[in-house]
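Peer 1: Residue strings, one per chain:
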Amino acid sequence: MSEQHSSSSNERFDGDAPACRTTLGLVLENLTDEPPRGAWAWARTTAGVVALLFALQLVTGLLLSFYYVPSADAAHATVSYVEKVLPAGSWLRALHFYGSQLLPLALFLHLLQMLWRGAYRRKPVGWVAGVLLLALVMANGATGYSLPWDARAFFSTRVAENVAGGLPLVGSSAHAWLVGGAEISTLTLSRFFALHALVVPALLLAVVCARLFFFKEPSRTWEGVRRSSKGEEAGHSSRQEAARRTTGGDLNTQQCVWTLAQLARNAVVAGVVFAALALYASKYTAPLGPAAEAAPPGYLPRPGAQFLWLFQLLKFFPRPVASLVAFLLPALFLAALALLPFTRKGRVAHAATLTHTRRRLGLAVFAASALLVAGLTTVARLQDARDPRVREQLAKQAEKEAEFRQAPFAPLHTGGAQTAGGTDTATPSSSNSAAPSDASQAAQPPEAFTRNCSKCHGPHAEGKSIYPSLVGISARPRRTVEDIVAILNDPRSYGLESRMPSFAKKLTDDEKRAVAEWVVSLK
Amino acid sequence: MSACSDRAYFASDGGGLQTAARPRDVIMAMPEETPTQTERGGGERAPVHLRRKLLLWIPASVFASVFGSVAAAAFRFLRPRAGEVGASGGASGNWFPVAKVSELGGAEPLMREVTIEHRAGWSVTPRDHAVFVLPGADRRVVSAVCPHEGCEVEWDGVQRKFLCPCHDSVFDADGARLAGPAQSDLARLPTRTSGDTLEIEYSDAAQPPTQSGSPANG
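Keeping their order, the protein sequence lines are chains A and B. What the first sequence shows, in our numbering, is residues 1 to 523, in sequence order. What the second sequence shows, in our numbering, is residues 1 to 218, in sequence order.
Among the hints, a few may not be true.
[What the hints assert, rightly or not] Derived contacts from chain B toward chain A, CB cut-off under 8 Å, selection only:
| hint | residue |
| --- | --- |
| 1 | E149 |
| 2 | W155 |
| 3 | P165 |
[To be verified] Not close to chain A: a few residues of chain B, all C-beta gaps over 12 Å, as computed:
| hint | residue |
| --- | --- |
| 4 | P126 |
| 5 | V158 |
| 6 | Q159 |
Please keep in mind that the hints were generated in silico from the structure rather than gathered at the bench. By construction, the Cβ of each residue, glycine as well, lies at the ideal position given by its N, Cα and C atoms.
Isolated chain A, as found in the complex (with noise of 0.2 Å):
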């Protein structure tokens, strides 16, 4: 930096222009805030931390959702696939699993920080953004619990369902809405499965973008350093702007020397977390129990580490009390806290005295549920080791764990039903055994379909190994007469397999409308 002073108006400091123009530029000067003090740079590195969980969720997510089913019949099987087949299955998993109970820890302690500093004061869009991150953050971590179906998994879905069930005036139809239907199915994990990747992740994303794209909130300090040593300039010549890009300013490269330190002291601790999340998920894996279905009686249901809390907060109340302290209490903490940067309490005289107020109101907050929480969850663990006959259950599911896990992976057996062929249409021939019998007492088959169909779709149209019965197609797929006859024409314009020949020019017209007209009668 030059020892000169500045005369008159400078031509070098420029609070349009950006010191860093590339879109990361950007981005990086909205969220920077004012220049560290001391051992504060490091503890604002919670953002970095926070960045990094959020990408590894959305990657491991992302990996995961290529072997995952969202159905009851295969989603055990598929994650039990990925658990024990799959070469770096488990790690990714266990990323996922201990990276979802993570993330909520780390927002807090971003959104702490934040309020410590009185961040959410310069930067108000962020500060809500934080605090809808957490919110969605938790309820991805709800949704995703029931994915692997499990008994683990079928409890905390239960759950989910008798708190959205106890809710006053909108329970049944919040449940209904939540289930898919009367009651837990397939049909349920469908929804969480599609809350759980795309809703809540778009919501996610929503927020993310809308913090760093569209809503600047450049650094105030920075800013005033700027405007401040600009003066009242206010044209820009030609020649400003060259004389701009062969110097460079002073404070912008301060500025971006400063970013860039912030941004490796980011790097360095989300790396730490990372080496140590990724240490530990190699040897801890993410917990998979046997089959929902083969969930023993007295099963206990115990939520993760993030859910303990609301756990041990819904024994204490009856059912319907319940459900709103469940909904309400995280909503209160979270509004409480989205509403802190626009708090006005009556006429405060000094701005100093409503940053207290604010501070003090936000700490409180804060403290009120890290206690809360905390309290809960070790009152949780205190009261699952106390009890032995709870400790003995549990001991034993953990055992039942063991077991599953040991055990060498069993692939589904996805059911004849959908056999190529044979069982396909042997089951409508064999359930409906009677059916051609009757088919051929009310009419036998025209000589035309003997001669020409029948070696396929069988004498009595049953259907025969690959080739599909045709007894009630004109109930579904609603095929009339001329629907066959246009078949027997151009089975093509059908979309049937080639297998199914023309016979355009094999049968006479007379044959193709008895064929049909005998083929559309059964039933």
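Given the coordinates of chain A, work out where chain B should sit on it, guided by the hints.
Peer 2: Only chain B this time, still in chain A's reference frame:
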């Protein structure tokens, strides 16, 4: 990292810059990480550049190692698993029982349905495949699947030929192609006798692919 424009990061010429009093106070109040060397004047540029490069290297290397370890896992995780897709006979490999040796010996080809388990990752789906055990001491087995479009051929005892009902391909009693749109013979399947049981080895590669897929209804 293109965090900032070249102008800001790699300004090579800082000489003659004018700095107002207030900004400099802020700059002086910066923590150690800011390159204090810059304030000594234009002569000591190199350390600043080194420092900036170092600052870029830290996030870049952290990003690279996180990305690298996850990408390596993702590669192994997503790599197609050839061994787990296709026919599987469970414990006995790809060998499937077709008939008892004692049943054989007739003059006509014997049609048999063999249930083959098709494994794909986490799922196993049984499918029926029709085969013919040809008469003769060598107990040859041919697939009943027409190599043309995958229909199942039928034995015509009068003509002593295999006829495909779909597109009129014709094969002789050994399964060799005689006429029709099919371009090859009926597929021979490897056989072995295990005790009293004749077994065939089934592999997807030897079969026309048309056996899969759902039948179009009606």
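Peer 1: All hints, please: hold or fail.
Peer 2: Evaluation of the provided hints:
no.	hint	verdict
1	E149	holds (5 Å)
2	W155	violated (12 Å)
3	P165	holds (4 Å)
4	P126	violated (6 Å)
5	V158	holds (15 Å)
6	Q159	holds (14 Å)
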